[in-house]
Each structure stands twice: as C-alpha cells, then as structure tokens.
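Novice: Here are the chains, one letter per residue:
Number of protein chains: 4
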Amino acid sequence: MKPIRLGMIGGGNDAFIGGVHRIASRIDGRFQLVAGALSSTAEKSKASGAALGLAEDRCYGDFTEMAKREARLKDGVEAVAIVTPNHVHYPAAREFLKRGIHVICDKPLTSTLVDAKKLVAAAEKSDALFVLTHNYTGYPMVRQAREMVRQGDLGRLRVVQVEYPQDWLTDPVEADGSKQAEWRTDPERSGAGGCVGDIGTHAYNLARFVTGLQLESLAADLSTFVEGRRLDDNVHVMLRFDGGARGMLWSSQVAPGNENGLRLRVYGDKGGLEWAQEDPNYLWFTPFGEPKRLLTRNGAGATAANQSASRIPGGHPEGYLEGFANIYNEAADLIVAARDGKVPDHLLPTVQDGLEGVAFIDACVRSSKRDAAWVRL
Amino acid sequence: MKPIRLGMIGGGNDAFIGGVHRIASRIDGRFQLVAGALSSTAEKSKASGAALGLAEDRCYGDFTEMAKREARLKDGVEAVAIVTPNHVHYPAAREFLKRGIHVICDKPLTSTLVDAKKLVAAAEKSDALFVLTHNYTGYPMVRQAREMVRQGDLGRLRVVQVEYPQDWLTDPVEADGSKQAEWRTDPERSGAGGCVGDIGTHAYNLARFVTGLQLESLAADLSTFVEGRRLDDNVHVMLRFDGGARGMLWSSQVAPGNENGLRLRVYGDKGGLEWAQEDPNYLWFTPFGEPKRLLTRNGAGATAANQSASRIPGGHPEGYLEGFANIYNEAADLIVAARDGKVPDHLLPTVQDGLEGVAFIDACVRSSKRDAAWVRL
Amino acid sequence: MKPIRLGMIGGGNDAFIGGVHRIASRIDGRFQLVAGALSSTAEKSKASGAALGLAEDRCYGDFTEMAKREARLKDGVEAVAIVTPNHVHYPAAREFLKRGIHVICDKPLTSTLVDAKKLVAAAEKSDALFVLTHNYTGYPMVRQAREMVRQGDLGRLRVVQVEYPQDWLTDPVEADGSKQAEWRTDPERSGAGGCVGDIGTHAYNLARFVTGLQLESLAADLSTFVEGRRLDDNVHVMLRFDGGARGMLWSSQVAPGNENGLRLRVYGDKGGLEWAQEDPNYLWFTPFGEPKRLLTRNGAGATAANQSASRIPGGHPEGYLEGFANIYNEAADLIVAARDGKVPDHLLPTVQDGLEGVAFIDACVRSSKRDAAWVRL
Amino acid sequence: MKPIRLGMIGGGNDAFIGGVHRIASRIDGRFQLVAGALSSTAEKSKASGAALGLAEDRCYGDFTEMAKREARLKDGVEAVAIVTPNHVHYPAAREFLKRGIHVICDKPLTSTLVDAKKLVAAAEKSDALFVLTHNYTGYPMVRQAREMVRQGDLGRLRVVQVEYPQDWLTDPVEADGSKQAEWRTDPERSGAGGCVGDIGTHAYNLARFVTGLQLESLAADLSTFVEGRRLDDNVHVMLRFDGGARGMLWSSQVAPGNENGLRLRVYGDKGGLEWAQEDPNYLWFTPFGEPKRLLTRNGAGATAANQSASRIPGGHPEGYLEGFANIYNEAADLIVAARDGKVPDHLLPTVQDGLEGVAFIDACVRSSKRDAAWVRL
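Chains as they are written, first to last, in UniProt numbering: chain A, 1 to 377; chain B, 1 to 377; chain C, 1 to 377; chain D, 1 to 377.
Heads up, a few of these hints could be off.
Stated by the list, open to error - Covered stretches of chain D, as calculated for chain B (at least 3 residues, CB under 8 Å):
| id | stretch |
| --- | --- |
| 1 | 211-222 |
| 2 | 287-293 |
As the list claims (entries may be wrong) - In silico lysine-lysine, DSS-like type, Cα no more than 30 Å apart, as pairs:
| id | chain 1 | residue 1 | chain 2 | residue 2 |
| --- | --- | --- | --- | --- |
| 3 | B | Lys369 | A | Lys369 |
| 4 | A | Lys369 | B | Lys270 |
| 5 | C | Lys98 | C | Lys369 |
| 6 | A | Lys68 | D | Lys270 |
| 7 | A | Lys270 | B | Lys74 |
| 8 | C | Lys179 | D | Lys179 |
| 9 | C | Lys74 | B | Lys74 |
| 10 | C | Lys342 | B | Lys2 |
| 11 | B | Lys270 | D | Lys179 |
| 12 | D | Lys369 | A | Lys2 |
| 13 | B | Lys2 | C | Lys74 |
| 14 | C | Lys342 | B | Lys68 |
| 15 | D | Lys68 | C | Lys270 |
| 16 | D | Lys270 | A | Lys74 |
| 17 | C | Lys2 | B | Lys44 |
| 18 | C | Lys2 | B | Lys74 |
| 19 | B | Lys68 | A | Lys179 |
| 20 | A | Lys74 | D | Lys74 |
| 21 | D | Lys270 | C | Lys369 |
| 22 | D | Lys2 | A | Lys44 |
| 23 | C | Lys270 | D | Lys125 |
Simulated from the structure, these hints should not be mistaken for laboratory data. Backbone N, C-alpha and C fix where the C-beta goes; we use that ideal spot for every residue, glycine too.
Please work from the sequences and hints to get the whole structure.
Specialist: Structure, rendered in structure tokens:
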C-alpha cells in the first residue's frame, strides 16, 4: 500500500506541535510528507522543508499558493496537517477543503466562534474529510474508558471531574522570548481564551468523548494571575450535563509541579473510572462495592477498543506519540475508504467536535465576564 | 503526671467516631475516660460504659445530669468529648462550658448557624477551653504544609484545589438500616448540609488551615443524586479568597472507588504542594522550575512542625489515629496550662473555626438555592 | 474489664522501641504500665519512670530485682515487655518466665543461637506466655495476605521476593554518638548479625508468616560497606523452601532513599500478591490473567482477618503503631484466656518463631563465611 | 537527507519484535524499509513484504540470497535489522557484515557463546557497523541515570538491585500454540538460557549500562516451575562487581501481576537512584540525607543526556517505542558518519556488549548447574 501524500501548514523550525504531527504521521508508515507551507515566508519554509527532506518546489511560503498548486499536481498532497496558531486554522483549512484535499487540523478548531461556524460549513460542503487532532482521545485506555461507559459498567453517570494543570506559564515567559508562550497568550492569534482554549478545551473534549454526555450549561471563573498577561491562565468551571450529571473542570498553566496533568474521573451509580494522561497505560476502574482494579493497555481486562488502539503488549508503555498516531492511523483508514466513497464508523474528532470546543471556550469567556453566571450551550 | 479525667457524650456501641476519640485520647496516655453519657438512655449508656470499664455510677443517660453531677464530684471529669450527631453539639457543650468543664467537640460545630453563634458566645463566656476536632489538621505533613506556606516556600498563593470524595452513600443505605447514614442524611440531626456538612467542611477547614487564606465568596452547586435522599450527596464549589487566590472544592459521597479521598493542592508563584489523606506520610513539594520532592513524615526535609507532631521515625507510617491523637495531645497541653491560667499558642481548631465551618455550610446551601450565585462570607 | 498490669524492661529515655511498645500497649486500653526496669541504674530508671507516671517504688535498676519483687506483690505485673538490646532478652525473659509472668519480647529473640535455645526451654517450662513482637505480622493487610495464601488464592507457591532496605547507616553514625546505631552495630549486644539481625529477620519472618513456607536452605552474601563497621550492613540471600518454592531476600541499611522499605511479593501458579510496609493499608492482588486489584484495609474485598485487625473504616489509614497494637491486643486476649487456663488459637509470633529467626541469622552468617555456600536450616 | 535503506531478517506476520523494529525505524524518519527475508520461505516472505509495501523482488526466502543480491544492487540495503530467534542471529549477521552491510541485531547476541565469539570476530573484521538493540538503554531517564552515576551524584557505588519479572509463561502456553513462547522455551532456538536469556540479559545489560560496573562473579539459581518446560522460567542471581559493589538480579516469567517489570535500583555512599520500565518517564533520585526527588523526562532537572534522547516536552509521556527509536536514531547517526569513515562517540550497545550478555547467560547456566557456585566472568 502506497503511503498517503501529506502536506503540512505551519510546523517550521521552532514549533512544537508540528514535530509531533510529523512523528505521529510516520509511526504507522501510512503517510509520507511531501510538501509544506511550513513558515510564513517561502525562504523560511524552504529551509524548514530541506531539513525534512522535502523537494524545494514543494515548499511554499503561503498556504493558498500551496493549495492551488498541489491541487493541480498529479501527485499532489492528498491531505494536509494544519499546525499553525489558531487564527490560521480556518483560512488554511478552507483553501484545502474547497479543493477536495483532506484536512487534519490541530485544536482548537479556530480562534473565534464565527470562524468555527464557517469552517463547519466549509467542511460540510467539501467532499474532503476533516479530522481534528484532539489527540488524547487516541490513547487506548481512553478508548476503553469510553467503551466501558457505553456498555454500562458505570451505570447512570452522576459526576465528572476533569482537570488539566500545567506550570509552564507560572512566570511571564511570553515577555521573555518564548515563541510558544507568545502566541498562546495573544488574543489575536489564540482567540478569547488563553488557558481555556489551549488546554481547557482538551479537558472538555476528553470528558465529552469518554462520557458521551452533552453539556447543558456551565459557570466559569477565569483568572489571569500573571501580571500583564492578556488571556486567562487559570480556569475554574462548574458543569451541568443533560440528564442531570454534574461536574467540574479545572485547567491551569500556573500550577507548579504539573507538567501535563490531564486527568479524568467519572462516577456513576455502579462504578467509577480514573485516568491520567501522564501515566496513560493505566485505567482505574472500581465496580461499586468491589476492590479497585488496575486495567492496563493491552493487558488483562483490555477491551477490543483498547487492543485495537495498541501496537505492543502490555507493560511496554506506549505514550503520547502513539496516542497521537492513532488519530493519524484512523485518518488514514478514512482517507483510504474515502477513495471508494465510503466513510466507515470511526472515533475521530470531527469538525462538529471542533465547533463544540470553540463554543465551550466562548461560553466560558462569556460566563466569566458575567461573574460566572450560568451559560447554556 | 496524672492523666486528665475525660468524659464522653455520645459514642455508644454503634458509633464510629466515639471509638476514634477514645483511641486518640489513649495514644499518648494523657487522658483517662472516667464517665459518659454514651447513649440516649441510662440503661444503654451503662451497657456501653461497662464495656469500656466505666464505673456504673459514672454512666449517665443524659448530658445535663452528667454535667451537673460531674461538676460537683471531687474527681469529676475535667474535660468532655462530644461525639454525638451535630444537633446535640450545642446543647451538650453549653452544659459543660458553663460549669467550667473543657469541651473537645466533633465537627461540624453545630447543625445550624444560630446554634453556632450561641456556642461561640458560650465558649467565650466560659473559662473552660473549647477544642474542635478538625482532626486532619493534626497530621504532621499538614502541619509542615502550613509551615511551608507561612514561611513563603510557595510565594504568593494563587490556586487552591481541595476535594474529599467518598463512595459509601452511592446507594440509599440510610433506608437500609445504616445508623451512620441515617443521621447524616437527616436534616434534623445534621443540619441543612449533608455531604457539605459532613466532609465538605473538613475539606474547607483543611484548605483554610494550610493556606491561611480567608474565603471572600463562594458559588456552590449542591446535588442529591440518590433518589429520596433528603440532603446533598455531592458538592461543587468555586472559591474566591481575599487577596485574589481562587479555588475549587469538591466533596462527594457517591464517587465509587473513593474511601476517604481528602486531598489538597496549593499553588503559589514560587511553588506547589500536594497532600492526600489516604497516604498521609507524604507531602509533595515542587519549587517552581525544580524537580518535585517527596517530603516524608519525620524524614529528610521535615520541619519542626512535622517532627513535633510525629512519634516515630520516618518510614514507619503513622495514620489517622495518630493525627487525631495530636489534637488530643495538644488539648492536654492546653488543659494542663490552663490549670495555671496560661493558654499557650497552639494550632488547635477553635470555636471560631467551628463557626467559620458552619458559616461555610450555610453559605453553600444558600448559594446553591440561588442557582450557585456568589455568596460573600 | 480491668487493664492488664504491665512492666517494662528497657525503654528508658533515649530508646526508640520502648516508646513504641508503650503506645502499642495503650491504643486498645487493655494494658496499664505500672512498673519498669527502664534503664541500667535505679536512678535513671526512676527518672524515666517518673516521666511515665510510674510510682517510684515500682522503678527498678535491675530486672532480676524487679522480677523477684513484682512476683510477690499482690498487684504486681502480670506481663512484661522486654525492649532492651538483644543480648539482654534471654536473661531478662528467664527471670519473669520462671515466676509465671508473661513476657512480650522484642525481636530478634536473642543475640545467640545458644541463648535462643535456652529461652525456648525456659518458655516451654513456664506456665506463662511468651510473645515475640514481630510487629509487621500485625498489619491487617499482612493478615489478609496470609489468609489468601492459605485459602489457595495464589495456588501453589513458586517465588517469594522479600526485602527491607533502609538508609540510616549509610554513614558511620555509630562513631558519631547515635545510641541506636551503637548497639545495633556491636556484636556484643546485637549478636553475629548486624543488618541481617536487625531487619533481615523481620523480612524473613514476614515471608514465613504470609507464605507458611518452611525454609529448606539458604545462600547468603553479607557485606559491610561502611569502613570500620563491625557487623554487616547489607544482606543478599537466596532462599529455597520445602516443596520447591524459591526466593530472595535483600536487606540493607545503606540504601539511600529508603526509610523502612519492607516489601513482600509472593507468586503462585494462580496469582500474585504484593505488600509494602510504608503503604500498609494496601495489598495488591492479581489473579493470573485478570487485572490487578487494589485491596484495602477494611475496604471492599477485606477478609475476616483484615477486618478483625482493623479499628476504623477503610480510607482512614492505620499505621505502624496500630499494627504493633494488634500484637498487644491479641496478647491481651491470650493473657485473659490464660487466667482460665485456656489459650485459644492465635496468630502471634511465638518463641519458636523467635528461634527460627535466630537460626536464620546464624545460617546467614555461616553461609556468608563460607562464600555463600548453601546452608540447610 | 535521504532515508537509509533498511532490510529486515525475520519479522514476518506473527512476530512481535519485528513490528517493534519497524516502528522504531520509522519514528524519526531516517530509515526506509526496502527489502526483507521476513519469513523462512520466499512465499511467506513475499506475503509479509506485500503487507509492508515492499517490492516483490526485494522479498527473499533466505538471508544469504538476500545478502548476495542486495550487496550488488545499486540501491541495495545499507543496513539490516535482524529480528529472528536467537540461533539465527550469527549466521545472518555474518552474511551481511562480510558484505559491508551494517547490522542492527536484536538481543541476546546469539544462542551460544561459541557463536557470540564468532560474531565478535566477524564484526571486528567488517567495515560495517554492528548495533545490538538493548533497547532499554535508549530511554531518556536511563541515559540520565547513567550520566548521574558517572558524574558522581551517587558517590561510590555499593549496591545494585535489578529485576525483570513477567507473568506470561505462568501456564505452559508453549504447548498451547503460542509461537512467541515456543521458540523462547526451545533450547535449539534460544540457547541454554530461557528466562535468563530472554529478559535476564536485559536486566544485566541495564545494570551494566547505568552503573558502568564490571561484573566479577555471580552465583545463580535457575528454576523451571512449569512442568515440561525445557528452559528456566525464574532466575535468581547474586552479583559481585569489580571494586566491591554487590547486587542481586531477579528475572521471572511466572510472576502473576507483572507485565514487563524491569526495574533498577542503584545505591552509592552519596545517594540512590530508582527507575522502572513501566513508568519510564520518571527517575527517582535521593541525595543521602535529603528528600527524594522525582526527575522527569525532559522536565526540570533533566540532564543533557535526558534532553537529547527526548522528542517532546515533559509530561507528555514517551514510551517503549521512542526508547527503541533512540537506538535506531543513533544508529542512523553512526551510519551517516560512517559514510565519511568517521564513527563518533556513542552510547549504543555494541557487539562486545552482546558478547558480555551471552557470557552472562552462560555463566548463570554454569553456576546453576553447580548448585549456584560462584562463577567468575
């Protein structure tokens, strides 16, 4: 099977997430990076591309130019990964979608709700696929958690606690030359949410994915602790779900001692589940009244969803990159299937999930401005 | 040194917390239980007392009778432990306080805010001491955490996350003969708060004790998940502290897989701390930008507060009962000092802390009734 | 029920284990310390005794004098706790046993195998009880582990891994004024085993207690890493049990980062168990082919042995002192039963267990001298 | 930079480790699989190759035929990965080495000591590189551990405890159709060591890599617990290192509850280290007398060795495949450097390490046959 020809928008030399997408696309050998608008100028793009082994004439300074030319090439890109700051997601995605080129886009979907809705429309109009890399949903134990909720192992859900603390913005590093911090604290590039957009949306999406619960309303208290920072760096939200379950979401970028502490706990009337991203090969499950059980990736007690998202036996830890690669791997399945016009059932985050995420950010910001009043979704 | 003569109100055969108080009072050998109104009838009280080696004529069916008689005995009780359901705390404490007998009272202080204020007045009018057993403050690592916050190891505090999940009320056991569940879910005996009164108040007190922060306002969303239950069994609260720190409190009695998951995390601009009651001999400390450190009870890195609350070397775990005994041990110090009219500085929870706790419960209930509106404290 | 009148041999001001025994004897309120030969002179003994509230005339400078006088008193001690350095265990125990006074003795039984055999003879000749405080066997989860092995949850046992690392002798603190270190590294007072006698014997006893396996032979490699130290400070042993199971034992006092890392793992053809003393409220159990289960003290899945050794509900940690108190509590049961001439079944370590422990030390020392040759037990 | 052309020997459809090598070779995009003798017949090899996108004429039924033809092709393989059962390592490696094709070979080096020595000779005679995939040395925290030992953070080493328990051979699955179990328990294909060869050698290599200590002698007690099994399934070894350090090694394939529990602990006179393969992003370090520190992959406290072996920020776990990919990535560095005749300093396991591993297996088997007598290395 020939690898799928992949392009990349963003992801030049300094970037973090671009490199992650490239590794993720390589792990299962189903994509080959052949073109890119990796940086904002043709020159930089060529430099970054050269380091990645791209042909010079496939390195573009502009995603529109790239979309136009690649669409005409016989062996042009079949799909692109968009890994730019948030405000570029929509305009870039639009150019490829309208030319029938599949889009794999980093989260959050866009920097504004308006753009998000436009992107939904663009995706719906297009024959091409749109996949959002809410990569934490690719972890095998997260897949198992979702499966267990759906098959009723927890009973009727009551309480959802989700959190994502980090500490890298404890000091004002955006004023100190950190490129990563700069755009993430800049409303022009990130949108109205800072921490809530960058990682709160991951936490929210994870809770949604695992529980299947629809958020009915939220009350959010966003804070900015670092002086001079333009966006929130700590997020407290109370959640009310359709059907009566309640929850809390905490995300923070100023919590020293936390690297990427994404953690989900779900409780129903029959049992409880707990998962933490930093130790992703474990899932704790307690059937009420019985001892807690430590489920492992591809180990004893693994469900089909766990096994099929695993590459190697239990006890040999898979990590973030393999979870991310599961998104790419399934995207490859869809892309191949789409060649025959058939898109199978799948678990990939869609443009609708992306819209939900942006709506969540928007609702948090609105609620917080109104002193944490309840906002319906 | 002769042991202090102790009486007990409540704590008859079926009770949980009475037994805890008795062990806690024995561990350091400074108290001797000599009298009690252990149950609601003289007969039951005598039966319970006999099992504890009490003289029959020191077993009372009524705390007022006990207070009156013991106050007149030459070797009458010097202090009493009140371990009844909440609504009895005030009337019982009053009888002893007004006769100059020290009171060691379980939490929450009372079942109503009105009673709490009366009890404060009674305590202030009395020469006797009043100690509230917010026992989690007795753990050595909690003492160290408080000391570290005060000496600035965390810098200026920003975020406080505290939680106390349990699972024992996942099913309607109060309808099934559980005495413990019965009174804790009964507003007549517990007050207007269920889970929030029983354990939310512990979580709140712990956060207060360690951080020293004063709560400015809160927004609470109380839920009752078990059908027919008369009080809340899950508690979500957003917290705003004086000085700008923010926090969240979650307590639940319907979270399967949680026994007594009291856990506190505190973050400042210089560092973070984390402590969990179920593994109480550890305290995690991260100075921002450095590796996380695992501090241990009476181990390397132990502060004076940690050492002085410890009995044995690090690595031999002390537990809940020793933490509780630290409250009794310090109460003994105070009682002995009070004989000479001097009450030294101490860390014991006071009647004021008790009032704060009841005010917290009251504010949560009021906020929740108003759809989680902010309520000032 | 009147408390049992207890005396103490050793345990003066500086001692560690004496204080532990006293707390353990108080926790369940069944003993009252009334006499002691706490130190090696009458004067020091009286000083230590005064601090403990002992009457002056019940404070002795000599255990023989104490045994003689207490045996004649109408309210003389019914039992004594012997908490001296090892070489005193035998002579002290002998004096009380021959006068029908029960003995609760710290481990190891004696400092020499010769003494151990004499003590066995003395105990067998006496009507009094002899209890050895291999206190780790008092932990509820250890009791459950033993019960699970006996009821076949692990199947036929194959592998036993036990270890007890500490780090407090990493430096030559015995040359620096540490009393604890001084006698423990002195062959005159400790016997021929240093680390192996002090903690290796605990590890061995724990493995014996839980597995029920009889040791067939061992090969030991003892080391002394700290220059000038007179006894071993690191112990490596390979174990062969009757019936074919094999194991390893490691104990060390020079392993930085270990406080009291006693840990046992047992594997059979149907399952595996793991327990660690520093987190004693947990027991890991894996039925082969199923997920690992986290059993807790008095929690879901607790066996009768676990429950009956627990005082409080799961999730409120009990610790080292409660485990130790379980030994005292059962000793009290036996003492009370012995009044009527009936000694019930029990789990307490006996003088035979003590002899086994000393034989284990002796075998390790002999094996090590012969370059770790196999020595039969 | 063009990817290095890679061939594979073994790794057909059913294999485990072949898939691991393929992913590891892809992660950093520096290799491209272009040929293979994946199975023992041309037909099967072509079927496996087709699934991997190999051209039909580059799929061979025989490694000798492959070596001959590829050596003549202009774009023939530059390197091969050998992932067959152990007994094939030597003959296969020989064919490629003698034709100047680099070899990346799975461990243990060979199934016999005789073969191992021949392979060393072949590698030394060849201009091509030989890399052994002792992949656990590729983990970033293992690299940091080694660096810390070398820079003296632990002081003079005293004690080394290493273990590698698994449970997958608890039952006689080799008699039940498990291909993986079949060859690993077959002396013809695995050599004289079962568990000791399969995973004991990993444990030994890890200890060697991190500590730098040379083994002086060992005493090994190998067991076979499963009836009918032809090789050992449990391994107990006492270790004596040059310079006086001592250690223990335990590996087992019959320890229920263990997936891949490789774990190393190293203690010196200044500090201790602990690392566990199943949680590979953590390294515990205790400077003696200070609190334990939790070092993380690419987190605070990461050394250069840790950072350079990491792809993504701390808190996003990397796993087994990334550790394995580090071996491939460095092999790529060497292969590229070798084009110019320069081989830089590196940390990759060499043919000499492979010989040491086989000598270790051989010594264990010999010692065990002589009732665990000490055998010098």
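Novice: Indicate, hint by hint, whether the structure satisfies it.
Specialist: Hint check results:
1. Three residues within the 8 Å Cβ limit are the bar, and the stretch 211-222 of chain D against chain B gives 0, so the coverage statement is violated.
2. Restraint check on the stretch 287-293 of chain D versus chain B: 5 residues with Cβ-Cβ distances below 8 Å, three needed, restraint holds.
3. At roughly 22 Å between alpha-carbon atoms, Lys369 of chain B and Lys369 of chain A fall within 30 Å of each other, so this suggested pair holds.
4. This hinted pair checks out: Lys369 of chain A and Lys270 of chain B have alpha carbons roughly 28 Å apart, not beyond 30 Å.
5. In summary, the hint linking Lys98 of chain C to Lys369 of chain C is not supported, as the alpha carbons are separated by about 37 Å, beyond the 30 Å threshold.
6. Of the pairs offered as hints, the one joining Lys68 of chain A and Lys270 of chain D is violated, with about 64 Å between alpha carbons and a cut-off of 30 Å exceeded.
7. Proposed proximity of Lys270 of chain A and Lys74 of chain B is contradicted: the alpha carbons are some 57 Å apart, above 30 Å.
8. Our distance criterion of 30 Å between C-alpha atoms is broken by Lys179 of chain C and Lys179 of chain D, whose separation comes to about 60 Å.
9. Taking the CA atoms of Lys74 of chain C and Lys74 of chain B, the gap is about 28 Å. The hint holds against a cut of 30 Å.
10. Taking the CA atoms of Lys342 of chain C and Lys2 of chain B, the gap is near 35 Å; set against the 30 Å cutoff, the hint is violated.
11. Of the pairs offered as hints, the one joining Lys270 of chain B and Lys179 of chain D is violated, with about 55 Å between alpha carbons and a cut-off of 30 Å exceeded.
12. This hinted pair does not check out: Lys369 of chain D and Lys2 of chain A have alpha carbons roughly 54 Å apart, beyond 30 Å.
13. With a CA separation close to 23 Å, the supplied pair Lys2 of chain B and Lys74 of chain C stays within the 30 Å bound.
14. Straight-line distance between C-alpha atoms of Lys342 of chain C and Lys68 of chain B comes to about 45 Å, which puts the hinted pair past the 30 Å bound.
15. For the proposed pair Lys68 of chain D and Lys270 of chain C, the alpha carbon gap of about 51 Å is over 30 Å, so the pair is violated.
16. A distance of roughly 65 Å separates the Cα atoms of Lys270 of chain D and Lys74 of chain A; the hinted pair therefore is violated under the 30 Å criterion.
17. With a C-alpha separation of about 21 Å, the suggested pair Lys2 of chain C and Lys44 of chain B falls inside the 30 Å cut-off, and the hint holds.
18. For the suggested pair Lys2 of chain C and Lys74 of chain B, the alpha carbons sit about 23 Å apart, so the restraint of at most 30 Å is met.
19. Between the alpha carbons of Lys68 of chain B and Lys179 of chain A the distance comes to roughly 74 Å, so the proposed pair goes past 30 Å and is violated.
20. With a CA separation close to 28 Å, the supplied pair Lys74 of chain A and Lys74 of chain D stays within the 30 Å bound.
21. For the suggested pair Lys270 of chain D and Lys369 of chain C, the alpha carbons sit about 28 Å apart, so the restraint of at most 30 Å is met.
22. Pair hint Lys2 of chain D plus Lys44 of chain A holds up; C-alpha atoms about 20 Å apart against a cutoff of 30 Å.
23. Simply put, Lys270 of chain C and Lys125 of chain D have alpha-carbon atoms about 51 Å apart, too far for the 30 Å limit, and the pair is violated.
The earlier numbered hints that this structure contradicts are 1, 5, 6, 7, 8, 10, 11, 12, 14, 15, 16, 19, 23.
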